[in-house]
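2 protein chains.
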Amino acid sequence: GDDDDGGSSCGLTWSLQAARDAEAVVAVDCSGHGQVFLDGVAGDDGRPGCECNTCFGGPDCSLRQPNCTADADSGNPLFLEPYWRRHAAASAVVVSGWHRMSYTTTDSMFQSVELEQHIWRLHRAVGNAVVDDKHVVFAAGSMQLINALVYALSPDANAGSPPSRVVATAPYYAAYRSQTEMFDGREYMWGGTTAQVMANASRNSTGGGGVFIEFVTSPNNPDAQLRESALGSAASAVIYDRAYYWPHFTHIPAPADEDVTMFTMSKPSGHAGSRFGWALIRDEKVAKKALEYVQNNIMGASRDTQLRMLGIVKAMLANLHGEEDIFAFGYDVMRARWRRLSAVVSRSRRISLQEMAPDQYCTYFKRVRDPSPAYAWVKCEREEDEDCHDALLKANIITRTGVTYEAGSRYTRISLLKSDDDFDVLMERVTEFVNAEKDDDASSSSM
Amino acid sequence: GDDDDGGSSCGLTWSLQAARDAEAVVAVDCSGHGQVFLDGVAGDDGRPGCECNTCFGGPDCSLRQPNCTADADSGNPLFLEPYWRRHAAASAVVVSGWHRMSYTTTDSMFQSVELEQHIWRLHRAVGNAVVDDKHVVFAAGSMQLINALVYALSPDANAGSPPSRVVATAPYYAAYRSQTEMFDGREYMWGGTTAQVMANASRNSTGGGGVFIEFVTSPNNPDAQLRESALGSAASAVIYDRAYYWPHFTHIPAPADEDVTMFTMSKPSGHAGSRFGWALIRDEKVAKKALEYVQNNIMGASRDTQLRMLGIVKAMLANLHGEEDIFAFGYDVMRARWRRLSAVVSRSRRISLQEMAPDQYCTYFKRVRDPSPAYAWVKCEREEDEDCHDALLKANIITRTGVTYEAGSRYTRISLLKSDDDFDVLMERVTEFVNAEKDDDASSSSM
Chain A
153 GDDDDGGSSC GLTWSLQAAR DAEAVVAVDC SGHGQVFLDG VAGDDGRPGC
203 ECNTCFGGPD CSLRQPNCTA DADSGNPLFL EPYWRRHAAA SAVVVSGWHR
253 MSYTTTDSMF QSVELEQHIW RLHRAVGNAV VDDKHVVFAA GSMQLINALV
303 YALSPDANAG SPPSRVVATA PYYAAYRSQT EMFDGREYMW GGTTAQVMAN
353 ASRNSTGGGG VFIEFVTSPN NPDAQLRESA LGSAASAVIY DRAYYWPHFT
403 HIPAPADEDV TMFTMSKPSG HAGSRFGWAL IRDEKVAKKA LEYVQNNIMG
453 ASRDTQLRML GIVKAMLANL HGEEDIFAFG YDVMRARWRR LSAVVSRSRR
503 ISLQEMAPDQ YCTYFKRVRD PSPAYAWVKC EREEDEDCHD ALLKANIITR
553 TGVTYEAGSR YTRISLLKSD DDFDVLMERV TEFVNAEKDD DASSSSM
Chain B
153 GDDDDGGSSC GLTWSLQAAR DAEAVVAVDC SGHGQVFLDG VAGDDGRPGC
203 ECNTCFGGPD CSLRQPNCTA DADSGNPLFL EPYWRRHAAA SAVVVSGWHR
253 MSYTTTDSMF QSVELEQHIW RLHRAVGNAV VDDKHVVFAA GSMQLINALV
303 YALSPDANAG SPPSRVVATA PYYAAYRSQT EMFDGREYMW GGTTAQVMAN
353 ASRNSTGGGG VFIEFVTSPN NPDAQLRESA LGSAASAVIY DRAYYWPHFT
403 HIPAPADEDV TMFTMSKPSG HAGSRFGWAL IRDEKVAKKA LEYVQNNIMG
453 ASRDTQLRML GIVKAMLANL HGEEDIFAFG YDVMRARWRR LSAVVSRSRR
503 ISLQEMAPDQ YCTYFKRVRD PSPAYAWVKC EREEDEDCHD ALLKANIITR
553 TGVTYEAGSR YTRISLLKSD DDFDVLMERV TEFVNAEKDD DASSSSM
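So the sequences go chain by chain: A and B. In case it helps, my numbering puts the first sequence at residues 153 to 599. In case it helps, my numbering puts the second sequence at residues 153 to 599.
To be clear, the hints were calculated from the coordinates, so they are not data collected in a lab. Computed from a predicted model, the values in this text were never measured in an experiment. Please note: incorrect hints may appear among the correct ones.
Pairs count within a copy or across copies, as identical chains cannot be separated in the list.
To be verified - Here are the simulated lysine to aspartate or glutamate pairs, EDC-like style, with alpha carbons at most 20 Å apart: (1) 440 with 333; (2) 466 with 196; (3) 518 with 580; (4) 441 with 411; (5) 466 with 197; (6) 466 with 173; (7) 518 with 477; (8) 518 with 589; (9) 546 with 444; (10) 440 with 284; (11) 546 with 576; (12) 437 with 411; (13) 440 with 181; (14) 518 with 558; (15) 466 with 308; (16) 531 with 212.
For reference, chain A alone in the conformation it holds in the complex (with noise of 0.2 Å):
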């Protein structure tokens, strides 16, 4: 685009003032360690200030604060803010006031048909998703997919069949369970892991009983393992989480063809605040009683939002397999910040992470790639360290216990996903970790 022509003609009138304001806000200088949004609490002048990063403060965002905590519990994934900000031209989006006031949109519902072809368009450029025998159902992120696919995937409260049980394999993403347990009742309900129900179905002759929806995420959150299914053909239906299957985060082997597959814009392009995913279902009825959730409980991702991503989709498209690749963008992040701290805690006899593969063949990038997850996953190896999220928030270390992930509690998950400057103060604590297990390794009575 001509985005440099800024002192001659624009020929603009009514989108000029909101682009004034915008550009406006930009310009503002948080020192590279915070941001100024549009929207953000007004100070005294009337204007946003400075929204600054973990660790940095004052106004314009300069002030480090020493031996700051080390925050790496959110997916939150920052670490694609800065490809935006290279790309601002190809995915700034201007709205109008009166764009898309209906209830409805071109396809007389509540999806974008141009979005749903992007989309399409992105599954088979990638090579991750097998589309073209699917129907797209879009969400407010993958969150609400959750529960809109157990209703679809669940038998009808009339039908007079017990709830099904929806089951996961430990270490599993959280929501899974809060979810269902928030929703549970009639059709469906939390059913725990799938080694409990194999347990009970080897102790039970009548093999457990009930109609079982699983879990599969793949790769997994939080260790990063390509999955499949635990229960296999004892599962009347198969969830399959793709959030994470993606360039930036795993090879991709081969393009996903399940019955049933979840993704989310969160985390190829970054943006977790627009809250939108959408699934892939093969069956015609599935696909239409997960639409029917979606119009009941919201009636339809923000039209706001559809319009936003579609500038984005767009702008990775333009990009693909060039210099500006977003997933080229996003490994080479994901997989330097995975060196990093495997090079500090390989020095550990306190900590360890989980085993990555090396040289997997990826099908997009066409040859072999190194390691990048989107989490570490920690387990602490000492007898006296039972509770490993303690044990690194006493050395300000921020992380998410694996006992959300019924794990048990010798088990933390590390976020790689965040701005550059959570990761920098991450790598101070947990060097300042490791380092100290000598000093500890001298006095300890343990080992």
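Once you've looked at the hints, dock chain B against the given chain A.
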């Protein structure tokens, strides 16, 4: 804003192309009977084409279908679209590619603090709700709030109590029933109409038993009457749906000051496609539980939408009580539509409309005002017109049957909220319907 200096230097960089794209789309001619959207389906030239209003066709929407069916089913608030076209500069927003990518926003949660404050200002300025002692919970439209509030007000599933029963007084908005039925289970279930509850209570010395959550829509959808709780002290909680409690649609006798009140942006500003609603909740625990629901269900309303809604609310506030007051604009449109429809229907003996009290004093306009309801609630008076929806459908008028509102098929709802084109076609069909009565009277065996 200085939005008329298109010929001079404008000093923009990264937002320029997006602004040009948006203005180019708006410049496409759709004959005043259609629109182009940035995310419209692309034609052969790769650009989105006109999406024509109902009953119009052709590449530029200039072809009017003769004898076209009037669709007065949906409550699509398109009557406000011309207002936003008149306020294009004030309501446009530029979203950068890196705007609020994070899961969390300024309050470390999911709600824009700045938007909260502007919504409070709007309620204070309009005088339709007391906000000072309330917590505000954002959601993806008031649709999502229905179940969020039912969940928040119901006993815990593990408490061993029977499920609360969700009730409403007929005629009532069908989503209270359909959404509660979709989610029903251990905590709550649909309990029917308040009339059924009271009939059971009088037959039954136990008073009907159980916990009742009553939805009260005021003004009511479909019949536009201001309502109070029917169960009174027999309801353990009342949820007031104030979607239509804005000066477009009703006089405002006093600010609403209830324990739990729902609002949506769809009706005051007309942005139904944005899916944004909010609840005002007095009790902190109830508010927390509703927030927890929105978090578990979708992790908060889209931040893209929250940014856009901030611009919309600011534009509304800037014009209140001035010549370009959105409520004065909306009131003029809705009053004129009600007058035109009433005048024609007053000549009919076959159909009648709900009574609307004249000359109600409005604290916002500070004068008495005429009726301007969002919907006409039609009764078919002839004995043989048992199905009023069908009777009108035969005259090529699509309405929403009273069966939906549990009010019987003798009633049906006509939406007055849609575009001028929709209303014009509606008036043509209704006028023909009423004019045809003379011929009917001559030939009919009834009466």
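**Report entry** Hint numbers contradicted by this structure
**Finding:** 3, 8, 9, 13, 14, 15, 16
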